[in-house]
Amino acid sequence: TATHSAWAQAADASSVQIYGLLDAFVGSMKRSDEPGRTKLLGSGGMTTAYWGVRGSESLGGGLQAQFALESFFQTDSGTFGRNSTDPYFSRNAWVGLAGGFGQLSLGRQTNPMFVASGAFNPFGVSLQFSPVMLHTWQPTYNRAVLGDSVWSNAIQYTSPTFAGLRASLLYGMGEVQDREGIRNLNLALNYAAGPFAAVVSVQQAKTGPGFTATIGRQDAALIGASYDFKAVQLYGQLQRTRTPDIRTTADTAQLGAAVPVGAGRFLASVARTERKVTGSPGTQRTTWALGYDHFLSKRTDLYAVYMRDRLTGFSGSGSVGVGMRHRF
Amino acid sequence: TATHSAWAQAADASSVQIYGLLDAFVGSMKRSDEPGRTKLLGSGGMTTAYWGVRGSESLGGGLQAQFALESFFQTDSGTFGRNSTDPYFSRNAWVGLAGGFGQLSLGRQTNPMFVASGAFNPFGVSLQFSPVMLHTWQPTYNRAVLGDSVWSNAIQYTSPTFAGLRASLLYGMGEVQDREGIRNLNLALNYAAGPFAAVVSVQQAKTGPGFTATIGRQDAALIGASYDFKAVQLYGQLQRTRTPDIRTTADTAQLGAAVPVGAGRFLASVARTERKVTGSPGTQRTTWALGYDHFLSKRTDLYAVYMRDRLTGFSGSGSVGVGMRHRF
Amino acid sequence: TATHSAWAQAADASSVQIYGLLDAFVGSMKRSDEPGRTKLLGSGGMTTAYWGVRGSESLGGGLQAQFALESFFQTDSGTFGRNSTDPYFSRNAWVGLAGGFGQLSLGRQTNPMFVASGAFNPFGVSLQFSPVMLHTWQPTYNRAVLGDSVWSNAIQYTSPTFAGLRASLLYGMGEVQDREGIRNLNLALNYAAGPFAAVVSVQQAKTGPGFTATIGRQDAALIGASYDFKAVQLYGQLQRTRTPDIRTTADTAQLGAAVPVGAGRFLASVARTERKVTGSPGTQRTTWALGYDHFLSKRTDLYAVYMRDRLTGFSGSGSVGVGMRHRF
Numbered sequence: 001t002a003t004h005s006a007w008a009q010a011a012d013a014s015s016v017q018i019y020g021l022l023d024a025f026v027g028s029m030k031r032s033d034e035p036g037r038t039k040l041l042g043s044g045g046m047t048t049a050y051w052g053v054r055g056s057e058s059l060g061g062g063l064q065a066q067f068a069l070e071s072f073f074q075t076d077s078g079t080f081g082r083n084s085t086d087p088y089f090s091r092n093a094w095v096g097l098a099g100g101f102g103q104l105s106l107g108r109q110t111n112p113m114f115v116a117s118g119a120f121n122p123f124g125v126s127l128q129f130s131p132v133m134l135h136t137w138q139p140t141y142n143r144a145v146l147g148d149s150v151w152s153n154a155i156q157y158t159s160p161t162f163a164g165l166r167a168s169l170l171y172g173m174g175e176v177q178d179r180e181g182i183r184n185l186n187l188a189l190n191y192a193a194g195p196f197a198a199v200v201s202v203q204q205a206k207t208g209p210g211f212t213a214t215i216g217r218q219d220a221a222l223i224g225a226s227y228d229f230k231a232v233q234l235y236g237q238l239q240r241t242r243t244p245d246i247r248t249t250a251d252t253a254q255l256g257a258a259v260p261v262g263a264g265r266f267l268a269s270v271a272r273t274e275r276k277v278t279g280s281p282g283t284q285r286t287t288w289a290l291g292y293d294h295f296l297s298k299r300t301d302l303y304a305v306y307m308r309d310r311l312t313g314f315s316g317s318g319s320v321g322v323g324m325r326h327r328f
Numbered sequence: 001t002a003t004h005s006a007w008a009q010a011a012d013a014s015s016v017q018i019y020g021l022l023d024a025f026v027g028s029m030k031r032s033d034e035p036g037r038t039k040l041l042g043s044g045g046m047t048t049a050y051w052g053v054r055g056s057e058s059l060g061g062g063l064q065a066q067f068a069l070e071s072f073f074q075t076d077s078g079t080f081g082r083n084s085t086d087p088y089f090s091r092n093a094w095v096g097l098a099g100g101f102g103q104l105s106l107g108r109q110t111n112p113m114f115v116a117s118g119a120f121n122p123f124g125v126s127l128q129f130s131p132v133m134l135h136t137w138q139p140t141y142n143r144a145v146l147g148d149s150v151w152s153n154a155i156q157y158t159s160p161t162f163a164g165l166r167a168s169l170l171y172g173m174g175e176v177q178d179r180e181g182i183r184n185l186n187l188a189l190n191y192a193a194g195p196f197a198a199v200v201s202v203q204q205a206k207t208g209p210g211f212t213a214t215i216g217r218q219d220a221a222l223i224g225a226s227y228d229f230k231a232v233q234l235y236g237q238l239q240r241t242r243t244p245d246i247r248t249t250a251d252t253a254q255l256g257a258a259v260p261v262g263a264g265r266f267l268a269s270v271a272r273t274e275r276k277v278t279g280s281p282g283t284q285r286t287t288w289a290l291g292y293d294h295f296l297s298k299r300t301d302l303y304a305v306y307m308r309d310r311l312t313g314f315s316g317s318g319s320v321g322v323g324m325r326h327r328f
Numbered sequence: 001t002a003t004h005s006a007w008a009q010a011a012d013a014s015s016v017q018i019y020g021l022l023d024a025f026v027g028s029m030k031r032s033d034e035p036g037r038t039k040l041l042g043s044g045g046m047t048t049a050y051w052g053v054r055g056s057e058s059l060g061g062g063l064q065a066q067f068a069l070e071s072f073f074q075t076d077s078g079t080f081g082r083n084s085t086d087p088y089f090s091r092n093a094w095v096g097l098a099g100g101f102g103q104l105s106l107g108r109q110t111n112p113m114f115v116a117s118g119a120f121n122p123f124g125v126s127l128q129f130s131p132v133m134l135h136t137w138q139p140t141y142n143r144a145v146l147g148d149s150v151w152s153n154a155i156q157y158t159s160p161t162f163a164g165l166r167a168s169l170l171y172g173m174g175e176v177q178d179r180e181g182i183r184n185l186n187l188a189l190n191y192a193a194g195p196f197a198a199v200v201s202v203q204q205a206k207t208g209p210g211f212t213a214t215i216g217r218q219d220a221a222l223i224g225a226s227y228d229f230k231a232v233q234l235y236g237q238l239q240r241t242r243t244p245d246i247r248t249t250a251d252t253a254q255l256g257a258a259v260p261v262g263a264g265r266f267l268a269s270v271a272r273t274e275r276k277v278t279g280s281p282g283t284q285r286t287t288w289a290l291g292y293d294h295f296l297s298k299r300t301d302l303y304a305v306y307m308r309d310r311l312t313g314f315s316g317s318g319s320v321g322v323g324m325r326h327r328f
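Chains as they are written, first to last, in the numbering used here: chain H, 1 to 328; chain X, 1 to 328; chain B, 1 to 328.
Calculated from the structure, these hints are not laboratory results.
On a predicted model such as this, the values are computed, not experimentally measured, just so you know.
One or more hints might be untrue.
The calculated PhoX-like cross-link candidates involving lysine-lysine, where the alpha carbons are at most 20 Å apart (straight line), are [said to hold, decoys possible]:
id: 1; chain 1: X; residue 1: 206; chain 2: B; residue 2: 230
id: 2; chain 1: B; residue 1: 206; chain 2: H; residue 2: 39
id: 3; chain 1: X; residue 1: 230; chain 2: X; residue 2: 298
id: 4; chain 1: H; residue 1: 206; chain 2: X; residue 2: 230
id: 5; chain 1: H; residue 1: 230; chain 2: H; residue 2: 298
id: 6; chain 1: B; residue 1: 230; chain 2: B; residue 2: 298
With the rest of the complex left out, here is chain H (with noise of 0.2 Å):
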């Protein structure tokens, strides 16, 4: 019978898949500034872990809908989001139209800035061993990027890609009743030829975590490039980022490197970043780790990484973490 309304929708569901990652490790953990020593089962060693469900219908003429629901969760406790602050569609939320003219989104989407200075240094976007991710979006790094990895209420443009360029605009609304001035706004642009790639990312934020009442604005600027010479790949980035409300500039470089061997890859990254704030003595936040991710499968890797941080008064310390990646 189709008496419920749950059943009047003759969905045509051959085009949604379920797909997600999960990504486990053991670990001895502790920053330069935390008082002591961790011994853990985390999540996300090398990706932090999400499930999501999407699709695509064809439109006709080359126009195709597209959307994404996909939920970071954490594989040690089960819990949704990164944190408890997060949403539960956290990673993306979005729908949208995608042909010749490019692709237009609507919703909660990853800031590019973030895809940016993940694809630019050879542990990727990992938030426990990455050294320019930890600098960069970590929230007990003391993240120079305010305004969170992923933008709520946002609307994407990007470019088709023309002789391996492709630009993308992310324009995130406030909401704020009567204050249309309060939003985000990204810029970037990617190129990739051959064995080199690179990308230049500038974004204007003003609302998200860690905007506050006396935190209103925040300018950052982003470029990476890379270059695969097969026996080893070489990864650069430069950051700057200005909170002139806490009269903050933060600059961050990091130089890494993976070598291929076999069905394996070494890899290795320093982070340096030297936070200036008009008026104080500044602090410098240097961060370098070594790790070898073995592929059981294109799905499937193993990783072991060993990582160092040092802050301004504070002494050296070190982490480590062995653990398992699988996409489904």
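Could you slot chains X and B onto chain H? The hints should help.
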């Protein structure tokens, strides 16, 4: 290996469907009684977004087991639920049997009065732009009907369709210790024959959102009808709610029309609610909307709506939205 | 187009399964020590409801990657979790490898003592109507075992089955800074041969629900056995828990039988728990249940249960439930 308990169950998952709906719009919104205007990237301009899993199993002799698990979410922020008090499977979570006798289901289930109010106006179940849905169900519009549009702890019986008629009874238990009398009850009768359709739905509710220590009961009735003249489809409905503990009666009327033009439909609807409180001056709210809904496919449409709202004691104000809806 | 990051991953989703279980019942419930009776539409009369995603990938040489993500939910209200403190994937969230060596998995995992207590009584894992499960795991029944039935931050090794024997070790990390000693440990040995099955499970827990500043440790042991005489299957189990910080020892015994008749099974079980507190008078709880479980198919059954509960100092009281369970 099959050593983990999770692996012990060999489900025949062939009949399970993943489905849902995303809906996002860019809007400028102001209720008559709001102090200011908000520009936003909103969710659910035409239909509140959701995703779900449903399935059925043939048990032989025309008998079927059925279930649905459906979670409302917000396309703009990825948050689950329509608001912060919603459970995860806020739209539906029920299991039941269907056969020649009709359907019997247990769990959290959509209130048939909500289905009726959405079916007999041209803007459907929109809680952003359907005047009658805003008056009836939206808390910020001082909703006429208490107890929410989905009932928890509910048993539903739906009859087979006979000569175009189908009846349903929904009984929601209050689950209060030693107080069986606290419960919800809805009776609905649907009729459909060719271009004509109609509904009568009556209910008495005592538990759920809106009921408090001082508001213990509400009686509500709705009648609706529609006729499809091909060139235009007309919709009408009348509602009355009585909430004796606050000496309040609300009368709502809706008139609407939809005109198909090519792949689109022009939509118009007006709703008016008279709220009388014994011993106090009453209020009147009038809200109308004009819209155009363009179907790129059966599953994907683009829409534009202008709505105007006026409540006694406040000046009229307009809202506008342009959005996209996609079913999967 | 493939411009969004969400689209970059070309997952081979063929091995992923969506599955779950719904269970709802109409009941009249009263524990011996409750002041009143509650009539309800409840969830999980026979099995706590859940939904999940699981998958496996063949890595060659008999090696497999495996994962499971499972979320308990309440069929009556749609709420996720068994209670308000549960994470989203409260039932399981783990990733691991399986092969000739057995299985190794990391994440949130079901406690084998929970599996054992459910396997060796005729009402299975029911937390509404299985006497021994109520005594052991239900907080409202003053559960004997602390630390929950699912452990977070856990590593599990399960051996291959050899001559009917299979061993498992589950180690749950407390993740307290500079305090490695706070952890959970369970050892289990399962045996199965023809109509006979048995289990021994011992554990020491120090972290999880039930542990507080004043309750720091609990030791627990369980032995269980069952024999299937065809005309009747008998189940027995004995448990002991010791919680030194509150000077408490609890001894629980269960006897049960299941008699298959056609497509159904008659079920009977009694559990008795003696709780001794040094320097205080002890308590005794006796709970028994009689039920009938009728299978409409392998996946769908209807059940009716009567249960009687008596705790020292309170009068006995009966509960009754009639419900439906469906696996998908």
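**Request:** Starting from the hint list further up, note which numbers the structure goes against and sort them upward.
**Result:** The structure breaks hints 1 and 4; every other hint is satisfied.
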